[in-house]
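Sequences are here, hints too, so could you generate the full structure?
The opening position of the sequence shown corresponds to residue 3 in the numbering used here, with each subsequent residue numbered one higher.
No lab work stands behind these hints, which were simulated from the structure alone. Wrong hints could be hidden among the right ones.
For lysine-lysine, the following DSS-like pairs were computed, each having C-alpha atoms within a straight-line distance of at most 27 angstroms [as the list claims (entries may be wrong)]:
| id | residue 1 | residue 2 |
| --- | --- | --- |
| 1 | Lys-55 | Lys-24 |
| 2 | Lys-24 | Lys-49 |
| 3 | Lys-46 | Lys-24 |
| 4 | Lys-14 | Lys-49 |
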Amino acid sequence: MRVKNWTHLFPKFAGLWVAFAKDEQTVISSAKSLEYTVKMAEQKGYKMPLLFKVPMESLPYVGSF
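See the structure below:
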């Protein structure tokens, strides 16, 4: 699994749930509730999108895997 840089999501999607397409870069839906985000993705034909809750702000990360 490769590291994903989703920092570009913070200005537009802060505090929202985001559903991604299989490429893990394309946002297919977003909403305040997880249920509505999934429902919108399913209406677009995506059965199991990757889901991510975008934090309200981008905080630095210090640590390792």
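Tested hints:
Taking the CA atoms of Lys-55 and Lys-24, the gap is near 17 angstroms; set against the 27 angstroms cutoff, the hint holds. A distance of roughly 11 angstroms separates the Cα atoms of Lys-24 and Lys-49; the hinted pair therefore holds under the 27 angstroms criterion. A distance of roughly 13 angstroms separates the Cα atoms of Lys-46 and Lys-24; the hinted pair therefore holds under the 27 angstroms criterion. At most 27 angstroms may separate the alpha-carbon atoms for a hinted pair to count; Lys-14 and Lys-49 meet this at roughly 24 angstroms.
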